[in-house]
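Engineer: Please arrange chain V on chain G, whose structure you already have, making use of the hints.
The primary structure of each chain is shown beneath.
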Amino acid sequence: MINTMECAVDAQSLISISLRKIHNSRTQRGGIKLHKNLLVSYVLRNARQVYMNEKYAEIYRMQQYEEVMTVCNEIQELNPLDLAEDCEEQSGDCCGNDGVSEPASLCCALLPVSHLTAVQSAHIQAPSACSAPLSLQSDDVCKETEPSFYRSCCAEAYPVSNWDFSTVNNNLHCNKTTVLDLDTHVVTTVENGYLHQDCCASFQQCCQGAQSPAKKRKVDFEYYISDIEEVPDFTPCKRAKFEDCSYANSEHLDTSNISNLISIFGSGFSGLVSRQADFEQALNGQFCSKQALASLGAWTRAIVAF
Amino acid sequence: MAGAGGGSNDVQWCFSQVKGAIDDDVAEADIISTVEFNHSGELLATGDKGGRVVIFQQEIENKPQCRSEYNVYSTFQSHEPEFDYLKSLEIEEKINKIRWLPQKNAAQFLLSTNDKTIKLWKISERDKRPEGYNLKEEDGRYIDPNTVTALRVPVFRPMDLMVEASPRRVFANAHTYHINSISINSDHETYLSADDLRINLWHQEITDRSFNIVDIKPANMEELTEVITAAEFHPHQCNTFVYSSSKGTIRLCDMRASALCDTHSKLFEEPEDPSNRSFFSEIISSISDVKFSHNGRYMMTRDYLSVKIWDLNMESRPVETYQVHEYLRNKLCSLYENDCIFDKFECCWNGNDSVVMTGSYNNFFRMFDRGQRRDVTLEASREGSKPQQVLKPRKVCADGKRKKDEISVDSLDFNKKILHTAWHPQDNVIAVATTNNLYIFQDKVN
Chain G
1 MINTMECAVD AQSLISISLR KIHNSRTQRG GIKLHKNLLV SYVLRNARQV YMNEKYAEIY
61 RMQQYEEVMT VCNEIQELNP LDLAEDCEEQ SGDCCGNDGV SEPASLCCAL LPVSHLTAVQ
121 SAHIQAPSAC SAPLSLQSDD VCKETEPSFY RSCCAEAYPV SNWDFSTVNN NLHCNKTTVL
181 DLDTHVVTTV ENGYLHQDCC ASFQQCCQGA QSPAKKRKVD FEYYISDIEE VPDFTPCKRA
241 KFEDCSYANS EHLDTSNISN LISIFGSGFS GLVSRQADFE QALNGQFCSK QALASLGAWT
301 RAIVAF
Chain V
1001 MAGAGGGSND VQWCFSQVKG AIDDDVAEAD IISTVEFNHS GELLATGDKG GRVVIFQQEI
1061 ENKPQCRSEY NVYSTFQSHE PEFDYLKSLE IEEKINKIRW LPQKNAAQFL LSTNDKTIKL
1121 WKISERDKRP EGYNLKEEDG RYIDPNTVTA LRVPVFRPMD LMVEASPRRV FANAHTYHIN
1181 SISINSDHET YLSADDLRIN LWHQEITDRS FNIVDIKPAN MEELTEVITA AEFHPHQCNT
1241 FVYSSSKGTI RLCDMRASAL CDTHSKLFEE PEDPSNRSFF SEIISSISDV KFSHNGRYMM
1301 TRDYLSVKIW DLNMESRPVE TYQVHEYLRN KLCSLYENDC IFDKFECCWN GNDSVVMTGS
1361 YNNFFRMFDR GQRRDVTLEA SREGSKPQQV LKPRKVCADG KRKKDEISVD SLDFNKKILH
1421 TAWHPQDNVI AVATTNNLYI FQDKVN
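First to last, the sequence lines map onto chains G and V.
Each residue of the first sequence is one higher than the last, beginning at 1 in our numbering.
Each residue of the second sequence is one higher than the last, beginning at 1001 in our numbering.
Among the hints, a few may not be true.
To give a feel for the contact side, a few chain V residues facing chain G, derived at Cβ under 7 Å [claimed, not checked]:
#1 Leu1089
#2 Asp1215
#3 Ile1283
Computed list of lysine-lysine pairs in DSSO-like fashion (alpha-carbon distance at most 30 Å, straight line) [unchecked claim]:
#4 G:Lys33 x V:Lys1417
#5 V:Lys1416 x G:Lys33
#6 G:Lys33 x V:Lys1217
These aren't lab readings, by the way, just hints derived from the structure by calculation.
All residues carry an ideal CB built from backbone N, CA and C; glycine is no exception.
If we strip away everything but chain G, and leave its shape as in the complex, we get (with noise of 0.2 Å):
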């Protein structure tokens, strides 16, 4: 019996529900289904991109008042005369006002330059799930931003604001990408950054250090796919923690250091599909859903095992 709430499936339970079917489809007779699965990573992509802005829109207006807190609290310190006129109006210039194009107020400008451009559309509609119809994306938001957002290499998922698809020269995390044709039997491996167990210790280096910038990314946060060239490129990732979505162009065939999916599967597919991340296991290699999404391009193109 079909379930007549169908606008209450949220995005993440549709993310959970597609990587269980990829899942399930290694072990269906006949073989992997490439159509099938192509599809249901339309899915996901569709569902990782709602619920990723609504996870950015979340932790910007989070961050909109921590921000403008904490300027209350430094306008406190120099002048606490001031502190009630300053941090209303400037809540208002930064938070309260739609479709803000002027980026000029004081919070504003305390905040990376990543930034910027999201606050220009801070309101962002986060769409319903299921068949409810989806508000296109303002292209603003999908500015390229420096990976400012990150915090650490093994904690939570990254609110990183651009959710880009294309390939990107990105050093900063490491993507592989194993294909195997099924016509040549050829296994290459795309190495885009470090191995799994270097990421660690790499990825803290470059939060510490300087941060290389990323490329300006393709954007295509269109639910339309009018462009066939711009389609989102999944590069899955063994390291489903690390913000992945910036791919690199170069390759690096090293079959020797192979990750595919099948071993990214079997190191513990279940914690994917569960709402209760484990930290724990996440770091003895399970992944969360919540750090799934963080890296989503790894899953959403299952069919790079075809």
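Structural biologist: Using the frame of chain G, we list chain V on its own:
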């Protein structure tokens, strides 16, 4: 609804026959996976998940008050399960498609395919056998030549009809991905086979080579955005074929233009309605079947919710769109969870291209009269299975105000689905496959 022979008289569909097990427990091997009439309509072939082909033959009867019935003519095991040791993959024996070859002599030929291998089968009748050998007894034992005192000429004597099916050709090892379509060319010499990413052209007599005519596999599989879902040759133009994609596009290709038809001659695509955008837009826009009309002027496509008729001369949009079960649009989430959204429904034309038919859930199937702009929903059920019993039109209630004899959407049985249907090339006889039963309906004979 216009009949196959033209005219605008309403056709009343009657139950004729049902083939298959009555048990509710359906053996997976008995699930029907394809249905196809031959060119005369005398033979009806079905394929199932167990790799078997069952052919029914229409008995010519002299009774004017009822039409002929279809009885089992031949049954044979077409495909067996195989194992690809190199890729550690099991190859299903499920028959994906059956296509009849035009009849050239007394024997019948058909192509059947599973995911990887296409086979050409010869179905022939034997109704007489030679008798009177000099060196062999009737039971086959050899006679000592020294005991032969006289010679006689063996003669053919009648015997019980025996239908033999023998594999004449095996077309293997040409598809890396799963074959979804085969289509016989109007030149009666070649045919095409299509998998998810490639289309190959074969000659019916040559099994050790085929020509690749379409290849949409990207250099980097990560860039894959669509797959081929169906392909068919034009019924009259031997150089033209179409293939549909998972993105809802249809490409018409001309083999005279180039050896590799990656570049289409025409691209049929309808812009998506942005108001209907959802998580599942890509899934429901994927085309599951494409069929040319008999006259070759139109083609029909089936996606998850609708049937579209395209004029080959107009690429921008279909000329007709029929909603099969629009009430499912709000149920896509649940249909995605239970995998029903991935069901691949087929569609078919009637003999004079005036009516199209396709299946739905709850063992419903739908007919759309193009001329009269009317549609009807009928049900394939054993409850209405009395001979010549007229089928009662069914109606699904999309909102909460269910009228009498209407069925609410929530009451639909999504495990009972009609994916495969076929229409007799000349008469108003249709074959509708439920999960493991084959229903044959005919128009009411007065």
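Engineer: So, for every hint listed, does it hold in this structure?
Structural biologist: Against the structure, the hints come out as follows:
With a least beta-carbon distance of about 4 Å to chain G, the hint placing Leu1089 (chain V) at the interface is held under the 7 Å criterion. At about 10 Å, the closest approach between the beta carbon of Asp1215 (chain V) and any beta carbon in chain G exceeds 7 Å, and the interface hint on this residue is violated. At about 5 Å, the closest approach between the beta carbon of Ile1283 (chain V) and any beta carbon in chain G falls short of 7 Å, and the interface hint on this residue holds. Note on Lys33 (chain G) and Lys1417 (chain V): the hinted pairing holds, with a Cα-Cα distance of about 21 Å set against a maximum of 30 Å.
Under the criterion of a C-alpha separation no larger than 30 Å, the hint pairing Lys1416 (chain V) with Lys33 (chain G) is consistent with the structure, at around 22 Å. The suggested pairing of Lys33 (chain G) with Lys1217 (chain V) holds, with an alpha-carbon distance near 15 Å, which does not exceed 30 Å.
Hint 2 alone, counting from the list given before, is not met by this structure.
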